[in-house]
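Top to bottom, those sequences are chains A and B.
If you read the first sequence in the numbering used here, its first letter stands for residue 1, the second for the next number, and so on.
If you read the second sequence in the numbering used here, its first letter stands for residue 1001, the second for the next number, and so on.
You may find that some hints are simply not true.
Stated by the list, open to error - Which residues of chain B face chain A? A partial, calculated answer using Cβ under 7 Å:
#	residue
1	Leu1111
2	Leu1114
3	Val1117
Since the hints were derived computationally from the structure, they do not count as laboratory data.
Virtual Cβ for every residue (Gly too), placed ideally from N, Cα, C.
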Amino acid sequence: MGVGRSYCVALVGLNGYIVEVEADIGQTLPNFVILGLPDAALNEAKERIRSAAQNSGIPLSRRKITANLIPASLPKRGSGFDLAITMAVLRAADDIREIGGTVFIAELGLDGRLRPVRGILPAVMAAVQAGYPDVVVADANAKEASLVPGAKVRGYKTLARLAYDFGADPKDLALDYSPVDADVPADDAGHVPLMPDLCDVSGQGEARRALEVAAAGGHHMLLTGPPGAGKTMLAERLPGLLPDLADTAAMEVTAIHSLAAVQSAAVRLIRRPPFESPHHSATAAAIIGGGSGLPRPGAASRAHRGVLFLDEAPEYERRVLDALRQPLESGELVIHRSAGTAAYPARFQLVLAANPCPCGKASGKGMDCTCTAMMRRRYFGRISGPLLDRVDIQLQVERVSLADFGHAGQEEDTGTVAARVLAARERQLERLMEMGLETNSQVPGRTLRGELRLAPGTTRILDTALERGTLTARGYDRVLRLAWTLADLGHRDAPDIDHIGQALGLRQAATAT
Amino acid sequence: MRAKDLLGRNGEALAADFLENQGMRIVDRNWRCPDGEIDIVAIEGDILVVAEVKTRKSLDYGHPFEAVGAAKLARLHRLSLSWCREHDLAALRTRIDVVSVIDSGVGEPQLEHLRGVG
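With the rest of the complex left out, here is chain A:
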């Protein structure tokens, strides 16, 4: 007997830290103590571990067991430490052979089965980065863990099997036991999630064009229009136009969703940009992340590298909307809670949709609208100026006309538009890569007016507008960004007067009223 040692990973936000688990067996009355800032779920590990070991045929020592999680100052949460503690205790009792640098991440069932835990992808990433490539996880987590390059993953169904491979005496082990997990879905390798297609949208030529530009340049977007105009329909079709995620981006997105998921484990990398559409009653914590103890990712982080769609934007609480300004600027959310600080990436494309007024009828001639001018202004006032400042495309969507509605089935589909978007993205990357940027929406104003300066003749309408005060300096930059995206979509090397004109049209202030 002596001290047993194994390794696990503690997650703080998306960052994982290697945790060393020490176990000691003392010669005194039976007890089980876990040291090192365990939370409630981790403290319950004692009971799970005792029962699991008993039912696997390797009962724990009937003495005082002390498990110490190092570093002691790092708060540790959840049930993922069960297996690492068990292995350290078994090692301390000399029931199994020396463990070495293997990392164990799994929860134990009372019957001795290994259960999957949340956030296995970021945890394994951290383990590999810290120089511990040997990882043992629950069988249901093995696929997700294997997504990490360089990880040597072993998946086990039961503690008995694992103990056997680590040299436990097979005489007493419950090796025949093979639990059937009821709710593990079959591998859905061939399954492609049903994406809404752009050809479902009748007419709306201008809006379709705006959507294409938004997708190509990564521009944030505001759609205003009466109920039933198709704002939600359009927004839902934006992710389909975005290109597949590259390796690093896919890893980031999968890691966030691995952490946010309640039950299901990922079986492959998420390659499609995610789409998050929270309800307008959502709290700041729901959108940017939060919860008691250590914060969990919110809708903004789940929309990382994808689309965050806020329908009925003026109905959101103002502070919820303004909380989005930080991630729009930095692409990251840093959340402070009692148990620590977590940073989650949140580089999403924002799409806002709004009715033109509280009654929703103030479009076109606005004859039926019953709202006063004051009500209308106050309604839009809820979307703050600083937030709108970051939205490049501001578009009015009108109700579809009968003429357009009849021509169903003749519209371009998502695939055609997505191909143009991809080509435009490649042109942008070629131009912007050396500046460390990817899309036109990220280009700072200084660069637009510096390295990427256009001929004076091209920007004449903008210069005039700026002089007359109808366009702000920030608005000027946004028109230039859009113009570049339009040029990329048109396979031109630089925007011309036409592109500038179109760009101006795409940001006609929807909030003029």
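Keeping the supplied structure of chain A fixed, place chain B upon it in accordance with the hints.
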């Protein structure tokens, strides 16, 4: 006498022999007071040992040691003071030991001994 009491009585006798073989001098057995009972009182060197004996037939209902909880320990401490008071031995250092006896009725009973459990 009921079977469980007989088992306990046998266990205590075995434990007493065991402790004597360890070099302790048994000074009292089954000492009672209104607060409870001490199974064995022994002297080891200059220390007074108060031993609690737990006997089981099998491990089906847990290990005997697991039946000694915090409340039981606290009572043993109180009882050791009472015993010292009654025998005018207030200056003696005391220690609580626990002896477990597993007697399945087949073969030799197994004894385990924990010293100074707190």
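Results of checking the hints against the structure:
{"no.": "1", "hint": "Leu1111", "verdict": "violated, 14 Å"}
{"no.": "2", "hint": "Leu1114", "verdict": "holds, 6 Å"}
{"no.": "3", "hint": "Val1117", "verdict": "holds, 5 Å"}
Violated hint for the displayed structure: number 1, the only one.
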